[in-house]
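Asker: Going down the list, the protein sequences come from chains A and B.
Heads up: the first sequence runs through residues 1 to 235, numbered per my numbering.
Heads up: the second sequence runs through residues 1 to 235, numbered per my numbering.
Honestly, I wouldn't trust all of these hints.
What the hints assert, rightly or not - Derived Cβ-Cβ restraints for the label pairs, each shown as a range: (1) B:A37 / A:E108: 36 to 46 Å; (2) A:E101 / B:P126: 13 to 23 Å; (3) B:G40 / A:R172: 56 to 66 Å; (4) A:H8 / B:A37: 51 to 61 Å; (5) B:R2 / A:E66: 40 to 50 Å; (6) A:R129 / B:Y19: 25 to 35 Å; (7) B:G40 / A:P123: 41 to 51 Å; (8) B:E5 / A:R172: 53 to 63 Å.
The hints are simulated quantities; they were obtained by calculation from the structure and are not laboratory data.
Note that the Cβ used here is the ideal one computed from N, Cα and C, for glycine as well.
Protein chains: 2
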Amino acid sequence: MRIGELSHRTGVPVATIKYYLREGLLPPGEATGRNQAVYGEDHARRLRLARALITVGGLSVAAAREVLEALAAPDRSTYNALAVAHTTVTRHERDPAVPEEARERAAERVRRLIAEQGWQLPPDLPAARTLTDTLATMEHLGNHSFAARLDRFAAASELVAAADVDCVDEVRGSAEAMAETMVVGTVLGDAALAALRRLAQQDAARRRYAPAARDGDTDGDCPQPGAAAGDAPAG
Amino acid sequence: MRIGELSHRTGVPVATIKYYLREGLLPPGEATGRNQAVYGEDHARRLRLARALITVGGLSVAAAREVLEALAAPDRSTYNALAVAHTTVTRHERDPAVPEEARERAAERVRRLIAEQGWQLPPDLPAARTLTDTLATMEHLGNHSFAARLDRFAAASELVAAADVDCVDEVRGSAEAMAETMVVGTVLGDAALAALRRLAQQDAARRRYAPAARDGDTDGDCPQPGAAAGDAPAG
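One chain only, chain A, in its complex shape (with noise of 0.2 Å):
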């Protein structure tokens, strides 16, 4: 199909489209005159692909290359895909006001949560540098409840990592689909889970500390432990 109609089927503007191809994040199509070319499903499939990864996803152009490259190499074993994945840790900037002493008890932090854990993983992991940075400047800025915390993190990471690989799981067979199913968990996953992290402390939240019962609240499915049944007004 031409550009017009590639644009057409995917939703997705000419000129985005142009740009996407001078960044790399597709491949040429198939040249059929001066100017002119012609693409295929398989552009249809990654030209969606690398618009959701970077407008939901919030992944950058370069980030978003470098996993699509990733999933179009031939080596795709189960453990590429994974490597795939982890290519795509938010790559923050260090915060350089962080003091060294800081830093290395957060790694030692980190070294005890992984043992702790059981979980064994090859050395230097881009997550484990990253949640180090991250221990780090919470230290530096005087928040020490988080990491006071961690084994519980820990805990529900595990959790959602079953849930991830049992995703994976369901497209084995297809070294392909498993790297691809786990590029858009993993991604877009992340700004899911962060929205159900806060829709879950918002309720958590009103739970411990609603002020009193409201009107309606009166059917007691659910715990207020701040609330005197005196206090709610009569419906």
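Chain B: place on chain A using the hints.
Answerer: Same frame as chain A, now just chain B:
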């Protein structure tokens, strides 16, 4: 203190401090003459926080300004502290290529999830919209496996949220400290949780897919369902 000392104390370069002042991330210092101003402890604290939210938390300058303004606002009830954290939901571009029907199905799925979890939430939370958009985009990409396990991801998020509320509860009594704990724990916590998820994925995938026990893996600490004992080379 002068701007030079503020820079020395916080490790943030003078040029960055001036940029944050121009962008309204920091309130102006107290003027002591033409082009001279002095800064207090509050500036140092806010500067460290701004820097961390942007570099490690990955917030845009505009998003960081919104968070810092909300933290500095005089009304800081518990619920307001929550609302501040909610402003930090990744504000992604919507993917316009996702068909309206997919969005409606996703919205229905989110409503059903909220009902099933028993979450009592105010209407139109930004996080609910983010979750809806993300699920719709996944469906558009042909990924149904994440949505099929949404209850498991929600259950994990409840564990995270319970720990989050415990973090905030630790500083109960100071509305200011509660709000700041919520912001740091949520924004930097998202980065930490994304990293923990990848570490846990790595271990979960190893347990599921490890092709064979490797040298030294003979202590039997760790179940490797796919590995027969005979596969391990003699040490």
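Asker: Hints first: check each against the structure and report whether it holds.
Answerer: Hint-by-hint comparison with the structure:
In this structure the supplied range 36 to 46 Å holds for A37 (chain B) paired with E108 (chain A), their Cβ-Cβ distance being about 40 Å. Distance hint for E101 (chain A) and P126 (chain B): a CB-CB separation of about 38 Å, inconsistent with the stated range 13 to 23 Å. Between G40 (chain B) and R172 (chain A) the beta carbons are some 60 Å apart, a value that agrees with the proposed interval 56 to 66 Å. Taking 51 to 61 Å as the suggested C-beta distance range, the pair H8 (chain A) and A37 (chain B) conforms, at roughly 57 Å.
In this structure, R2 (chain B) and E66 (chain A) meet the distance hint of 40 to 50 Å, their C-beta atoms being roughly 43 Å apart. The supplied range of 25 to 35 Å is met by R129 (chain A) and Y19 (chain B), whose beta-carbon atoms lie about 27 Å from each other. For G40 (chain B) and P123 (chain A), the Cβ-Cβ distance of about 44 Å falls inside the hinted range of 41 to 51 Å, so the restraint holds. Between E5 (chain B) and R172 (chain A) the beta carbon distance is about 60 Å. The supplied range of 53 to 63 Å therefore holds.
Checked against the numbered hints given earlier, the structure breaks only hint 2 and satisfies all the rest.
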